[in-house]
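Could you put together the complete structure from these sequences and hints?
Listed below are the residues making up each chain.
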Amino acid sequence: MLEYKMPSLGADMASGSLREWRVKPGDRIKKGDIIAEIETQKGIIEIEVFEDGVIGELLVKVDELVPVGTSMATILTEEEAAGKRPAPAEAPREEKPAEAPAPAGSTTETLPHHIRASPLARRIAEEKGIDIATIQGTGPEGAILREDVEHAIAAQAAPAAGKAAVEHAAVPEEVTPEKPAPPVAEEKPIPAAATAQSIRMAVAAAMSKSNREVPHYYLETKIDMSKALAWLADTNGQRPVKERLLPAVLLIKAVAKALNDVPALNAWWENGLQLKESIHIGYVVALRTGGIMVPAIHDTDTKSVEELMLALNDLIPRARALRLRSSELADSTITVTSLGEGGVETVYGVIYPPQVALVGFGGITEQPWSENGMLTVRPVLTATLAADHRASDGSTGSRFLTAIKNYLQQPEKL
Amino acid sequence: MTQEEIKQALVQRLKSIAPDTEPGQLQPDDNIRQTLGIDSFDYLQFIVALDEQFGIETPEEDYGRIQTMRELTDYIAARVKS
Amino acid sequence: MPGQLITYRECIKQAIREALQADERVFIMGEDVGRYGGAFAVSKNLLQEFGPERIMDTPLSEAGFVGAGIGAALGGMRPIVEVMTVNFSLLALDQIANNAATLLHMSGGQFNVPLVIRMSSGVGRQLAAQHSHSWEPLFAHLPGLRILSVGTHEDARYMLAPALADPDPVIIFEYTSMLNLEKELPDSAESIEISKAKVRRAGKDISIITYGTGVYKALEAATELAAAGIDAEVVDLRVLRPLDEETIVASVAKTNRAFLVEDASRSVSVSSEVSARIMERCFYDLDAPVQRLCGAEVPIPYPKHLEDASVPQPAQIVTAIKTLLQHA
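Residue numbers (this note's numbering), protein chains in the order written: chain V, 192 to 605; chain F, 255 to 336; chain G, 486 to 813.
Read the hints as simulated data drawn from the structure, not as lab findings.
Hints should not be assumed to be uniformly reliable.
No more than 27 Å apart at the CA atoms, straight line, and that leaves these computed lysine-lysine pairs for BS3-like [as the list claims (entries may be wrong)]:
# : chain 1 : residue 1 : chain 2 : residue 2
1 : G       : 689       : V       : 319
2 : V       : 494       : V       : 433
3 : V       : 494       : V       : 221
4 : F       : 261       : V       : 433
According to the in silico footprint, chain F covers these stretches of chain V (three or more CB under 8 Å from chain F) [what the hints assert, rightly or not]:
# : stretch
5 : 419-428
6 : 434-442
No residue lacks a Cβ here, since even glycine has one placed at the ideal position from N, Cα and C.
Written as structure tokens, this is what we have:
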């Protein structure tokens, strides 16, 4: 049996409120199925499961606000579900929790709130990347003290450190015990409604964390876009306007291909560097009301430019309507922001943790360009890289930007 | 279809793309994208939607020529009639 | 006089004599300081040595002679005004709070008031609720004053000189219960900074932060705690206003625990303020809640056993800290 937990859709998410269950106990589910809608600071998000199986119990009620990491449902294997079948009477109708155990009661052990720990213990645990919820407290009333954390650190040093890091990737990275406990009584929880202000706060939290914790370095290069634009004009000339390609897809594709060459930047920094196998580029979508959404374009490198354009056609309107799926919010392995249309030439970005790089594209402007001793005018794009110096060094970043530049000289091959 | 009707249709669509703006107050020669702050993606969607609404097809070579209210209404009016 | 024992009273007296000898602008005034030799015999025989112009008996009017002291200070003298006990000082509170503490400010920086007021304070001699209170927190609340608390023989001997050198009003709290206490004085007359708290005993497990009569109690408790394997640091605040936050912060950052001790009653006390500063500056260094042992919330009682019960005792400090650290 597995527990499906409230997912963390970014470093800035502390809790979510259940809006709707899309499944009921006994339903067969496949990896990638949407099982519920939750409301977060970033809008209503469809959340997906990561395993095949059968829904066991639903542990969270509609409108309930629960912290990240709270068990929301149990997922059974086929065998477990089969074993359970003969006695269906014991769980007649899970949706009406009249006699069913209260969700809070059955999940207290996994709730990250109510942890008694000294401020010092919390600080050390955070510095060492240890989930304080896993530590046994020996202080007054079970409080976790420095000594307990130090014991936990010593104990953890023994097993493979890599394993702990992998576990952490799946589990929310930030324990937020300061958050109030979800009300067990009938008290109406305040749903985390997405408003311009809540999105602003979500961006603020993520960017503050980034600027506080991530040592950024910046590289910049100018790219001659004449070949890319000529190719675009040519290919768009042969297409109906509906299938028109925007320059952004070439940029996104070039970044994806460059990441194949320089995989060190396709990574998360969480208890050390974790390289990501798949390339999911997060593309920054500015909201007219302020704030940004950064949906992931899944497996960017395997998509053709046409498929990328279709993906943008799908993602951008949903991002603007605050209707993204959980994987789209949580999976990005790098961010691309293209601010050029406002007229700026250069973008120095702030990395979205736990990612380790952000590529910024400015506007394409005509500029004097010298090549082979000749001076001419070319459409020029400034590309910047903001990268996490814990995860990579300037030479890596330089190879990456150069790769992007080279790919954009052969647009037909993108 | 009159120029005024086309203009009304444009204003309505622009309002849905950029609800925080007043497209009705666009001057004939204002650049629509720049004045209302519409990005290339939304502008493309806008043109695609207009094509569907008016049953026309905007080819690539015309795409860059329809940037103002006047250009756009004239362009659509000419095509709808022909 | 290394190795020799000396009373707290004698330390204060030597300090006063030295000040009178060093600077002819210095004089002492107060009730019974001259012919009677001081209510607690601190200024005994000084009249004979320095004469009535420098050892000046005053009428029983705290408002009057504290006010006169302020006037003398403004006029260029360096008066040491003795107020017999802290209880009586309230009669002069208007002079202290509204004149001494504010004149520099209200004159736009023109008039310093180089006045030193000494007062006896605290329990210990069954002088009951008329004479025995610990009202350091009342005075430590007032901007414009420097408040010193003499918790050791060393400070009794060496704090007066820097207090007199301060161009602004300084109030020195001395403790009746310690007058007859004999200790060794450190060899050298080291100069004392009256802006700094002092670590009286270094330790790593917990910071006992205290002042006045709490200092020797804390040191006694620390010795007993050491036998139980607990290494306590004792911080003597010495300066109750302005507080030396850096010394407090450094100590708590090192030991991760703070235990505050004072004779003054707990509500709105010096330890209230120290606790707040620790929260502001050291929250993420704390491995346990800040705890306090303070005076009972009562007017000081007359009977000996009740007087003892009204203020913290070393055994209580030991017990409380052992309880606090039982899990460590």
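Cross-check of the supplied hints:
1. 689(G) x 319(V): It holds: about 23 Å lies between the C-alpha atoms, which stays within 27 Å.
2. 494(V) x 433(V): 19 Å, holds
3. 494(V) x 221(V): Judged against 27 Å, a Cα distance of about 23 Å means the pair holds.
4. 261(F) x 433(V): 22 Å, holds
5. 419-428: holds (count 3)
6. 434-442: holds (count 4)
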